[in-house]
Amino acid sequence: MKLAHLLRSTALAGIVVLGGTAAQAETFRWASTTDPQTMDPHAVNAAPVLSFLNNIYEGLVRRNQGMAIEPSLAASWEQLEGENGWRFNLRQGVTFQDGSDFTAEDVMFSYERASSEASDVRSWFAPVTEVRVVDEFTIDFVTNAPNPLFPDSIANFLILDSGWAAANGAELPARDSENFATREANGTGPFMLSSRDPGVRTTLAPFDGWWDEAQGNVTEAIFTPIGNSSTGLAALLSGEIDFIEPIPLQDVGQVEGRDGFKVIEGEETRVIMFGFGHEHEALLYSSETEGTNPFTDPRVRLAAAHALNMDAIDRVVMRGKIEAASQLVPAGISGFSEANAERPAYDPDRARELLAEAGYPDGFSFGLKCTNDRYINDEALCRAASSMFAAVGLDAELTSVPVRNYWEQLRADDFDMYLLGWSPGTFDAEHPIRFLLHSQDDEARLGSWNFGNYSNARVDELLPQIQQELDPATRQTLIDELVAISQEEVAYIPLYTQPLIWAAKENIDLTQRADNFFMLRWVSVN
Amino acid sequence: MVYFILKRLFQSIFVMLAVAFLSFSLFRFVGDPVSQMTGVETTVEDRERLREELGLNDPFLFQFARFTGDLLQGDFGYSYRTRQPVAEMIADRIPATLELGTVALIISLLVGIPAGVYTALNPRGFVTQSILLTTLVGVSIPTFVIGIMLIFLFGVQLGWLPTFGRGGTVQIGGWTSSLFTVEGWRALILPAFTLGVYQLTLTMRLVRAEMMEVMRSDYILFATARGIPWRRLHFRHALANTMVPVITIIGLQFGGVIAFSIVTESVFQWPGMGLLFLESIRFVDIPVMGVYLVVIAFFFVLVNLAVDLLYIAIDPRLRVKEAA
Numbered sequence: 001m002k003l004a005h006l007l008r009s010t011a012l013a014g015i016v017v018l019g020g021t022a023a024q025a026e027t028f029r030w031a032s033t034t035d036p037q038t039m040d041p042h043a044v045n046a047a048p049v050l051s052f053l054n055n056i057y058e059g060l061v062r063r064n065q066g067m068a069i070e071p072s073l074a075a076s077w078e079q080l081e082g083e084n085g086w087r088f089n090l091r092q093g094v095t096f097q098d099g100s101d102f103t104a105e106d107v108m109f110s111y112e113r114a115s116s117e118a119s120d121v122r123s124w125f126a127p128v129t130e131v132r133v134v135d136e137f138t139i140d141f142v143t144n145a146p147n148p149l150f151p152d153s154i155a156n157f158l159i160l161d162s163g164w165a166a167a168n169g170a171e172l173p174a175r176d177s178e179n180f181a182t183r184e185a186n187g188t189g190p191f192m193l194s195s196r197d198p199g200v201r202t203t204l205a206p207f208d209g210w211w212d213e214a215q216g217n218v219t220e221a222i223f224t225p226i227g228n229s230s231t232g233l234a235a236l237l238s239g240e241i242d243f244i245e246p247i248p249l250q251d252v253g254q255v256e257g258r259d260g261f262k263v264i265e266g267e268e269t270r271v272i273m274f275g276f277g278h279e280h281e282a283l284l285y286s287s288e289t290e291g292t293n294p295f296t297d298p299r300v301r302l303a304a305a306h307a308l309n310m311d312a313i314d315r316v317v318m319r320g321k322i323e324a325a326s327q328l329v330p331a332g333i334s335g336f337s338e339a340n341a342e343r344p345a346y347d348p349d350r351a352r353e354l355l356a357e358a359g360y361p362d363g364f365s366f367g368l369k370c371t372n373d374r375y376i377n378d379e380a381l382c383r384a385a386s387s388m389f390a391a392v393g394l395d396a397e398l399t400s401v402p403v404r405n406y407w408e409q410l411r412a413d414d415f416d417m418y419l420l421g422w423s424p425g426t427f428d429a430e431h432p433i434r435f436l437l438h439s440q441d442d443e444a445r446l447g448s449w450n451f452g453n454y455s456n457a458r459v460d461e462l463l464p465q466i467q468q469e470l471d472p473a474t475r476q477t478l479i480d481e482l483v484a485i486s487q488e489e490v491a492y493i494p495l496y497t498q499p500l501i502w503a504a505k506e507n508i509d510l511t512q513r514a515d516n517f518f519m520l521r522w523v524s525v526n
Numbered sequence: 001m002v003y004f005i006l007k008r009l010f011q012s013i014f015v016m017l018a019v020a021f022l023s024f025s026l027f028r029f030v031g032d033p034v035s036q037m038t039g040v041e042t043t044v045e046d047r048e049r050l051r052e053e054l055g056l057n058d059p060f061l062f063q064f065a066r067f068t069g070d071l072l073q074g075d076f077g078y079s080y081r082t083r084q085p086v087a088e089m090i091a092d093r094i095p096a097t098l099e100l101g102t103v104a105l106i107i108s109l110l111v112g113i114p115a116g117v118y119t120a121l122n123p124r125g126f127v128t129q130s131i132l133l134t135t136l137v138g139v140s141i142p143t144f145v146i147g148i149m150l151i152f153l154f155g156v157q158l159g160w161l162p163t164f165g166r167g168g169t170v171q172i173g174g175w176t177s178s179l180f181t182v183e184g185w186r187a188l189i190l191p192a193f194t195l196g197v198y199q200l201t202l203t204m205r206l207v208r209a210e211m212m213e214v215m216r217s218d219y220i221l222f223a224t225a226r227g228i229p230w231r232r233l234h235f236r237h238a239l240a241n242t243m244v245p246v247i248t249i250i251g252l253q254f255g256g257v258i259a260f261s262i263v264t265e266s267v268f269q270w271p272g273m274g275l276l277f278l279e280s281i282r283f284v285d286i287p288v289m290g291v292y293l294v295v296i297a298f299f300f301v302l303v304n305l306a307v308d309l310l311y312i313a314i315d316p317r318l319r320v321k322e323a324a
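Protein sequence lines, in the order shown, are assigned to chains H and C. Going by UniProt numbering, the first sequence opens with residue 1, and the numbers climb by one from there. Going by UniProt numbering, the second sequence opens with residue 1, and the numbers climb by one from there.
Read the hints as simulated data drawn from the structure, not as lab findings. Incorrect hints may have been included.
Said to hold, decoys possible - Facing chain C, from chain H, some residues (calculated, C-beta under 7 Å):
#1 N45
#2 S123
#3 D176
#4 F180
#5 V200
#6 N228
#7 A235
#8 R258
#9 E357
#10 E408
#11 D441
Claimed, not checked - Computed list of chain C residues with no C-beta within reach of chain H, every gap over 10 Å:
#12 T42
#13 Q129
#14 G165
#15 R236
#16 S266
#17 V267
Ideal Cβ placement from N, Cα and C applies to all residues, glycine included.
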């Protein structure tokens, strides 16, 4: 076992040395803060991993530059007749990078692998009751209820070759110890893994046999994780890398001020918000509100919302790069409620009035819990918000912790108000409803990130209807009703959508997708 | 002699156990590994199952006993983050850190000792005063600031040296070395200097103080009277006698250089153990953190042992004592 590892890492290092000498015109070097932990597409459901592996592996469907779903390994799909679910008609003539053919068997195998207990992506298949191989190029996914969004929800369900996995003992995702698929890859996608030194350097080469036509011209891609943002900036400015994502807001000027470099900016789909301990009987970080929790009163929550000046936060903390948010998804996401696109205006007088009405004319103190390394300038945001709250009498005691401690503390209900960012994984308004607005229900696997346990019977009733409604107009009416409830009750205070800030050399053409995924097939080195 | 070495190695086991115990009792404050290992959509029950599988629900002492038990059997476990064997991850990163630390040490000695001798022999010169002032500034600035400044000067402005990483490595057996190519040295020089700058100042000031002390002693006066040439006097008679305390401090510092190369490695994205440790903290990768700290403790023990042995080599009086 040990010897095999040693031999493999020796062989890998040998490839790295050789690869370095073969200089090519369209070599593309890029860096990001986090190394993908694994090359196994089912082992970790994390953006750095799935973004990277979408260059090597492919799903049945994929997202285009504008985030819309388009055919990939499935050439087309339609709803099943007579039962709930979807039929996928697979693309013919597709081969894996090792030369074997892609068939429905591989999809079946990948489904079994991805929905196994060892997989971290199995929640995608929670609605699936049965999968049937109809013929070599047709496969049916049967669901427990009508599920119009199912194809969208499996855009990152990446397909492995069953023969390759079986031959190399990688039938299941690695849980305790690594297996062959942790450091090797064999997809159908536009790029092949040519070497991997975890945490140091990963290189990719184009796959000649790819079924689709590449829109970029990269012939060799070298990825290096660079954790320290100053080092990353220096690496870009010195010309050693062609592209880096993300860069800190405060470095934007440095890059823009130099010839030959550019900043690529866009809005991420992540909405930053404050949440409340709806269910807490008393405030934890307050002396004068003995035994009561003022935040259970919607007027107090609305007062907090009115206290926040988003323009000032945009100007002071986020350097003018944010888009204020009215609901838990940004405009442009499917299901966004146009009818409820207003957010509570900055109105400190109204906030004081509301507090007085609720019985707190002098305000009260409470604990605000924030991360300091998870979202862009998160700690600065919370400090700015605290002083805005203080101006209306809401005296926030701010605690900032690293994200590695954060979720544990939120799960232990250690907060009065907290910061949260949410990116809808399915790019549909239903996603945050399922995770943030539905009451906590471990059995039904709902509300798992609803830390304060906001609970409204009508919301809980609307969610399954939204999930199953096939008619888009009716579905939107249901969503509009739900968003109106959540705004009226101030379930959360949505603040803004976070910007995406990438930096590259001037001669690099690339596409920035709102999910922060980076696709090499759209990269051109000019 | 052999008995002495064996005794020290035996003691080192207790040092490592103590370090393992202390670090293990702190890990619970680092964060929750399961949140870092799973995605947002993972269900509460799947998370709980993983926690159970990893044995994170077991009592602290039980977890500690399992960790040390496995360690004593040579099983270093698997990383929570990458699922790779921890022994292999650390072994892969050791060469980078050792080479960086050693080159940093050599730079500090090659510059620090001559500078110390020079400033001791010409205590009032203009050059001496400027050296003393520059090095004082050098130690007062935090390592990462020095690193970033060097990167922007030599990497970005002048474009002479790479800004990050370890280039031009050559594989010799299981050892990845950057000492055999020009590219490797180019990547090594900035981080090594950054890491060595504190050491350098310390060495210089120590040599200077000791040397000035020795130069005032009777035997130097006597040797001067005998008409021994200056060069021989300074380097053969005076310098040799300044070296015992210098070696102690430098030796002890070297353990620190290896252990605390974390900052330098992070600034230069140098793929050594320190960088691995930093990544492991971010992901609450308990197996890697535990093994790293035990390995570092072992390094400290080794370095101290080497220092003791060097004493005996340099100072004949200690040899007599040991024999007696």
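So, going through the hints one by one against the coordinates:
1. N45: Holds: closest Cβ of chain C sits about 3 Å from N45 (chain H), inside 7 Å.
2. S123: 4 Å, holds
3. D176: 6 Å, holds
4. F180: 12 Å, violated
5. V200: 4 Å, holds
6. N228: Check passed: Cβ of N228 (chain H) comes within 5 Å of chain C, closer than 7 Å.
7. A235: Where the cut-off is 7 Å and the nearest Cβ of chain C is about 5 Å from A235 (chain H), the hint holds.
8. R258: Not OK, violated: R258 (chain H) not within 7 Å of chain C, min 10 Å.
9. E357: Not OK, violated: E357 (chain H) not within 7 Å of chain C, min 37 Å.
10. E408: 4 Å, holds
11. D441: It is violated, given that the least Cβ distance between D441 (chain H) and chain C is near 10 Å, above 7 Å.
12. T42: Label violated. Min Cβ-Cβ 6 Å, cutoff 10 Å.
13. Q129: 33 Å, holds
14. G165: G165 (chain C) is in fact no farther than 10 Å from some Cβ atom of chain H, at 6 Å.
15. R236: 46 Å, holds
16. S266: The claim breaks: S266 (chain C) does not keep its Cβ more than 10 Å from every Cβ of chain H (closest is about 5 Å).
17. V267: V267 (chain C) is in fact no farther than 10 Å from some Cβ atom of chain H, at 6 Å.
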